Structures are given as structure tokens and as C-alpha cells.
Amino acid sequence: MNRHVLRFVAMVRRWLGLDARDRTLDAELESFLQHDIEARIESGMMPEEARRTALAAIGGMQQTRESARDARAGASLDALARDIRYAARTLRRSPALSLAVVGSLAVGIAVTVVAYAFINAWMFKAYPGITDQKRLLNVEIRRLPSGRPPGNPLDSSEDYHALREGLSTLSDVAAATAQRIALELPEPRSVLGLLVSDNYFDVLGFRPALGRTFGPHEAQPANAGVAVVSHRLWREALDSDPGVIGRTIRVGGQVVQVIGVAAPDFAGTTVRLGREGPDVWLPLALRSRIAPDSATILRPDGLFFVGRLKPGVEAAAVVVAATVIASNRAAAAGSQQGLASASAVSQLDPAFRARAILFVMAIPVLVLAIACVNAASLTLARGSRQRRDVAIRLAIGAGRGRVVRQLLLESLLLACMAAAAALPLAWLTLTAASGRLSLAMPIDAMVLAWTLLTAVICAVASGLVPAFRVTAHAPLQALSVSRAATEATPSESRGKRRMVVAQIALSIGVLVAASQLITLVEGQGGTGGTPSDRLLLTSFDLDQLRYPPESAADFYQRLLDGASHLPGAEAVGLARPTSVWTFGRGKGPGSVIVWAPGRESEIVIGGYAGGDLFGAIGLRLTTGRTFTAEDRTGPPRVAIVNQIYAEGLPDRQAVGRTVRVAAWRRQTNKEALAEAREVTIVGVVESAGERRYTRDGKAVSKVYVPSPLGPEPALTLYTRARDRAEDLAPAIRALANRIDARVPIGDMGSLASVNERSMGPSHWLTRMSVLLGVIALLLAAAGLFATSSYAVTQRAREFAVRLALGADPRGVLTLVLTQSMKTVSIGFFIGSAVGLGVSRLVATQFPGAGGPNIPAIALSSALLVAVMLVASAIPAMRAAQVDLVASLKDG
Amino acid sequence: MTSRKDVPSGTLDLLVLRIIERGPIHAWGLMKRLRDLTDDVFQVTPGGLFPALQRIEEYGWIAGEWGVSENNRKARFYTITRAGRRQLAKEQDRWNVITVAVTRVLEGA
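Line order of the protein sequences matches chains E and F.
Under our numbering, the first residue of the first sequence carries the number 1, and numbering increases by one thereafter.
Under our numbering, the first residue of the second sequence carries the number 1, and numbering increases by one thereafter.
Cross-link-like lysine to aspartate or glutamate pairs, in silico, EDC-like; alpha carbons within 20 Å at most:
(1) F/Lys74 <-> E/Asp22
(2) F/Lys74 <-> E/Glu30
(3) F/Lys32 <-> E/Glu30
(4) F/Lys90 <-> F/Glu57
(5) F/Lys74 <-> E/Glu42
(6) F/Lys74 <-> E/Glu38
(7) F/Lys32 <-> E/Glu42
(8) F/Lys32 <-> F/Asp13
(9) F/Lys32 <-> E/Glu38
(10) F/Lys74 <-> E/Asp26
No lab work stands behind these hints, which were simulated from the structure alone.
Only a predicted model underlies this, so the values are computations on that prediction, with no experimental measurement involved.
Construct the complete structure from the given sequences, taking the supplied hints into account.
Below, the structure is given as C-alpha cells:
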């Protein structure tokens, strides 16, 4: 056998404990010594002298043993194992400090692991149910009428056919479009549906849980009456019926046959964080037969394309080929230039990724930093106690590098223990959060790898400085008998105090960032004078049932009348879903084009305001009058604008001015002007509080008219309840059911819940940040507590002398407190500077975030100072009650 | 008395293998034999000998077994293995080549 193999086997045997070589070596050395002594006695030495000279000749049993061991294979690994055992023993000797370090680091690591798992699931994990997502591309083509980007998307069926036939770089390309669809099962419900080309599922490489997906013949309108339903819909509304295949359901007024049930998590490639995926997939050929979704679909075409790359083809080749097609299509549409792009299918726009990672990671990293500083100051505290040990090791010839390595190993051991404790903590948090975010966040190999890396970084960050500090003293000084010498040196105390300063500064930074994110997110969504938990929003879309316009008008009139008479309803209004608050949509189905004399046309939100809309929302009329019954007959002749719009008019004079308005449907300016109506402004209402960070926190202009500008199939009922909005929900549901039992209620909930839903994940994230801020604060307080109680313990002798000389115990208390407060205030000032920096960074990354939330910072700083006072007062009080005799005798 | 020298580097294995080849021997005896044979020229210390024994044993060139020494003490006796003999032959060849070369240089100079 090869000698290296033999050595390896020997090494493995030794590690497994199968080899008693160490014991054998010891016995052999002993035997050697005895032989040598005997030989020396034989040559005439006295036994005592023989023993002494033999021991000297062997050159130290320990050194010989060590060098013999070092000659073996894997000697350095053996040494490492010995170091680890030694480190574990050292840590066991100060269990409280070790536990504190592990606890502190575990919190910091758990927080970052949660953030990693979230980022990993959100940005880097493939969509469930899709095969080889890496080769899928989102393909987009546009035409540039003005020759400049962004231009208009080319997204019609013709564009799709051009792509499908022309893109030979893709093995296939599918098209899809999303819309809300009314389902009758038989009770009506409105779900998100996806209309897809016949090859959509094949391009995605998707296998259904039950039944089959669409085939080429279903591209024919005559055969298109089929549907694939989501696993969720199958469970919740179809009773998990295994015989569901072949059953017929009514979708958007059409009878279709269920041919497949999707796999449990499959949601295509369009799911967004915190949003549910589609519940039904229908062939694109059915589109002309099912009713359009007037509430959410803005463009008549609006297809998106997803293609699968051929093996060996790069995305760049697809862009080149698609640009040619885009140019042809652009020319057909009268534009000179076409543009194409192809991007990897992922949950997140890559350009947004970096910012999102910054947003998510900023606070966890700060918390981790605090935890590391905490661990470092605790390690430093232990280091002072350990200094004698270290000095002895240095004195008997251990190299400084070796001792530093040993101390770092202790830190690494603690960090690994912390990571092990952090993982279950993180797992619990992730499990609780995944429901809120509609996102499965597993702790997979990627997350584990990051966790390990974090533990190593923690070990170095918290162990390096203390390790160099502890080994920096001259052995003589550390070994000198006086106890005073084992107390902290001034530079060491300064080091500890600096750590506390860093901690306080970092936790103030965290709190500033957290409070700013809270203002940023909580401030979003709509508010009027009506408290958001008293305003009930109920949306309908009659187009999903192909309602004739006159019947729709009749339905809404009866709904308005009925709701107004409900007990508990204070005011009821009707408007488009987005004409009061945009909820993330700028230009949308609620938009109106307005031409004021002497101004360019502008697109504002507003439109039809039926019933007592302003009363329901709680917007007061500041000037003029509200709509009368007479205004509501026939097409609009008058209008009410909000203050923001009025302020933009000459002399800020709105009432009496005449403007032209038209419903905005993406038509050209000329087309819109042709159908515009002239209306006279009769009143001005307050601007509803509506803050979106994309709009720099400014309310937007609004223009309302008393009767619809065109057919209004999709409207939202705004009901102001006397008490809780949700209490009115059953009555409104029953009312709609009485008027027409087929009509599904699209969305129903209080404004509070709508705000919450539209901003759900961000709300959750900011609340987490605040929680993290509090954790950071507690960690910092624990750090200060540990450091100041340690300092007090070390100065016990000094205090005892002071007290013995007649110092007032209160004086000692004041002394300790003054010193702590000095540390706290330095930390506070540096922290404020850090906070301002963080705040500026947040503000540049998220326009509209505004400045830091001053009251929140003031409150949290006050809290911080209070916690710090308590943290240093407890040890200070202990110092004042020092046992004089015991402390002095010890010295 | 001749002044003591360190064993020329790389030759300790050769010397140890050669002595063990002549019959089972324990560590102290090995050291004594080395000193006797070289008239105390080579200063072999336990600190040099034991690492060499550990290494050579791990290579599988020698095998150790507990036994009783001439003065009735427990001692670990080493014997050469087959691989050890092969290694010894190799080392001897190498040594011969070197000494011949060195001698030639010295004589020719």
C-alpha cells in the first residue's frame, strides 16, 4: 500500500479514537527515561543525579512528546481539535459571559437569517411549478412614435403572432394577459384570471395536479370553452372534488369545462409579493367572448410574452431578432422605430434588486453590528479575567499568533453556537411571516451558507480586537502578584466605553431608519375626514357579466338608494374604484383629461361622483356648492374640483370657471378633445389625504362630475358607517344579492383593510424594522449594563477605599452614573449624526420619504437614555454598598 | 573525544532503518547503538529520534511491539517490515550515489 494511504489511515484511526498512539507514546517515553536512568546509575551516578541528568538529556518530556506528535499526519488538525477542546473548557469556566455573548449574537444572526431567507425567496428562488426557469425570458417589444423611449408597447394578438412566427431563437413563445373575472360556482365571486395562449403551459414546462392543460385545438374560439383552475380554488370552492375534470362552471358569463387543476403553488410568472396568484386560466381565444374587466384593464390589448430559449442561444440573440420584428410592427403602426428587450423571468426587476436588498438588509445589518459590538465588549470583559492565563502561556513560550488563534477560536465557537440557536428562531419567524407575504421562505442551502459566513464574520468582528488587546500586555506586568494589575488598564476601559458609544450610536441609527420607513409606509394609502375603519369600500364590475349600460345604471341607482337607507350607514357615494385614491396607479381607469383655459391638458383622477361621495369620504366643501339633483340629470354640465387643482388655476379662483373634461382611455389628445364636455366648476372640496412616496407626498389634482362621462360598468360603493365598517358588509352583500343575485362583489373591506392590503408586505417590513430597532435598543442596553457592572466590579477596591476614607455612598453612585452618562451622551451625539446620515440615505433612495420622524426619534432617544440610566444605576448602587472589609482584604 | 555533530539531514531515516534491520530494538537501545557505532559523532537526541520513529512507523516501514528488555523492563521493540527493507535499499542506493559523487568532487578538486 502507498505510504501516504497508510498515513491517512493512521490519521483517521487516531481521530476515531481507534488508535491509542498517544498513550503508547507516553509509555514509550517513560520506558526510554527509565532505561536512561538505569544506564546512568550503572555508570556510577547516584540515583538522584541520574534521574536529573536523564530528564535534562531528554530535553523536556512535554516538548519531545509535542514534536513526536507533530511528525504525524494531520498534526495541525490534531492541534486544532485540541484547541477546540481547550476553548470549550475556557468558555465553560465563565458560563454567564459565554451565554450573554451567544444570546446577543443569536439575536443578531437570527435577524439577518430572516432577511437572507426573505431576499433569497423573493429575488433568487425560481417560481414554483416551472421547469428550468433560467431559460425563460420576458420579451417586450415597443414602438417609438417620437423616436424616443419609452414609446408604446406592441402587445396585440397580431404582435404576438409576429413574434411567435418570427422568433426562431426561441423554442416557443407564449402570450398571456390578466384580468378579474366573475365566477359562478354557483355563488358569485370575482377572481384573478389569466387568459393564455394555447402553448403557455408548455412554454413554462408546467404539469397540472389533475387533468390536462390547453392543446393547439383550443386556440380555436369554437373549442375554447375550457379552463384550468388553481389548486386553491379547487380546494376552497370545488370541495377538492377529484372528479372535477369535465365539470362545467360559469366564467365571465360563459359556460366552460374544467380540464385541469394546477399544482398547489403554481401561479405562473406574474405573482407579486403579498398578492395571490391567478385562480383560473382560460384560452386566449375565449377573450372575445368573456366580458372585459373595465375596473382594472386599461388597455384593450395588453398581452405580455414569455419565451423559452433554444439550447445554446443567448438572450442577446433574442433581442436582435425581436428588434427586427418590433421595427416591422412599428412600421405597420406608422412609427419609424421599434425597440425590443428580453429579460430573465424573475420575481423582481433586476434593476430594482440592489435597492430592495439595501432596503431589506440595512436594519438587520445594523442590528448584527450592535450584537457584534456587544459580544466584543463582553469578550473584552472576559479577556481581562483571562489575562493571567494568557500571560502564563506567553511566558512559557507560546507564540502570540498561536494565542490569538486560540482566542479567535473561542469566538468562533461562540458564534457557531449562536448561529445554531438563531436558526430555529429564524425558522419560527419565517413560518409566521410566509402567510402574510404569500411567499414560502425556506432555510435552504443558500441561506445556510450565508448563515455560516455571518457566524464567521461575527467571530472575527467580535473576537479580533479583544484577542489583540489581551495578548498585548507584557507577561511580567500581567503576572505581578498585586490584584490591581489584573484590573482593567485605562486603555482597556476606554476601549470598552468606545464599544458602548458605538452601540448607542448604531441603535439610534436603527431607530431613525425604522421610524423613517414607518412614516414612509404608514403614510401611504388614502384618508379623508372619515376614519379609515369606518369607511366601507365595495366594488362591482358589471362588465364581467356583460351587463347592458342602461341596466348597469339602474343597478347602481338601486344600490345607492338601498345603501342610503341601511341603518348604520351615515353617507353613501359611488365613484370609480380609483377615482378617490389611486392605490398605486397613476393614470388609470379613474383618470380624466381636463383642459383649463390657458393651460395644457392634464390627466387627473376623478370622474363620476355619485350620491354623497364627499360626505362618505369625509371631504368638506371649502367653496361653492355641492351637486344638486338637477345636476345629475343628463350629461355633466358642472364639476367640483379639489383644492390642489384649484390652487393651480389663475388667481386660485376655481368657482365659475369653465373647463373641458373627457374620460381618459389612452386615446389621442385630438380624439379626447372631440368627445370632451364643457363644465362649469361649482365647488371646491378639500384634498383627500393621499400620500405616495412616488409623488413626493403631495396630494394629486382631482376633478369630479355629477353624472357619468360615459358608460360606468365598474363602480365602487363608498359607505360611511356609524360604527365599524365591517358591520355593514353583510347588509350590503344582501342588498346586492337582492338586486341581482349573479353579480359578484369584487372587493369589499374597510379603507383600513384596503390600505393594509395594498401596502401589506411593506407594512409588515416596516413593523419588523421597528421591532428590530427595539431589539437593537435592548441589545445596546444589555451591553451597557454588562460593561458598567463589570467596570464597577473591577473598581470595587477603589470604591471601598473611598468609602473607608469617609466618602458619601451617594458620591460613589454619582461618580458611576456621571461616567455612564458621559458615555451615553457621546453615543447619543454620534448616533444623531449617524441617524442623520442614514436618514439622508433613505431619503435619496426613496423620494418622498421625507425627513426623519423627529417625535419618534425624540421618544426613542428618551427611552434609550432611561434604559441606559437603569442599566448603569444597578451596578452603581451595588458599588455604593461595597463590602469594605472583603474588598480591601482581597487586595 | 570527537566533537558531536547533528545527523546530516535526510540520513536519519537511513540510519534508523539500517539498525532496526539487524534485529528488534527499542528506542533507547537504538539511540545508544547510533552513538556507539558513530563513536558519539552524531548527536541523536530523543527530540529528534521520536518524531522520526513516529513518522517511519506511520509510513509502514517499521512495526512496534511491546516486549521485555535485557534488564527486565517493559520496552517497545521495533522490527523492519517488507516495505521498510525496500525503502532501506532505496535509501542506501541514494546514499551511495551521493557519497560517490561527493568523493569524486573532493578528489578531483
